[in-house]
Amino acid sequence: MRQYSMSSVRQSCHSGKYAGRALAAAGEPGAGCRPRSCLPGAGARKQCGAYAVEFAFTFVMFFMVLYGIIVYGLIYVTQQSLNLAAQDVARYALRWPGTVAGDELQARAQNALAMLDSAETLAWLQERGTGADDPLNIAICGLVPGGAGQLQKLAGTAHGSCPQSTVLQPSQLEVVVSYDWQKSPLAPDLSMGLITLVAPERLAGYASTRVQLDSQKAGG
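Under my numbering, the residues of the sequence shown are numbered -15 to 204, in order.
Hints were generated in silico from the structure; no laboratory data involved. Using N, Cα and C, we set each Cβ at its ideal position, and we do this for glycine too. Incorrect hints may appear among the rest.
Label-pair restraints from in silico Cβ distances [claimed, not checked]: (1) Ala98 - Ser145: 47 to 57 Å; (2) Lys167 - Tyr60: 16 to 26 Å; (3) Met176 - Ala98: 38 to 48 Å.
Full structure from sequences and hints, please.
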């Protein structure tokens, strides 16, 4: 039988390697050696258990911090995209190519909405749903003749709505681009009930512009 010296066995143990057969052959008590952090004994076993608990708590805390950074990062990116889209619609409304026989303000709004769709600024959010499940809503609002001074949606998606508290001039457009975060969050819920992330139910971007109508040019 191959013999192992006690010095080589102890050296192997202290280096963190396992040499159970060598210990048994040399007559050392126990079937093998353990790493220094988990040497035999009740105190050592408790210490090893404490390490496992500390690692579990550290991992959970690190994961929750990373998850929060990702969620709030997505909220920030979404909000900036909505702001940019609303500003783009307001600029598109100023780039009116010509005149129409009907309501010019409404025609400007419809043209601006078509230009936003072709620009695909919100394409990554539009893929989240369609129809009644679409969390993305757009409303281009303004005053129309005979509307009793009330703000009306001139163009937009089916569920887009206008803020009735806003006061506009007859030649002014208000753009509202909103995203229902509660209906369709961009990040899955991985909190497992350990933490509660305060997220907005709805994100919205606003922009306003005042256009010079052809009727005003003729009158001026």
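Hint by hint, which ones does the structure fall short of?
1
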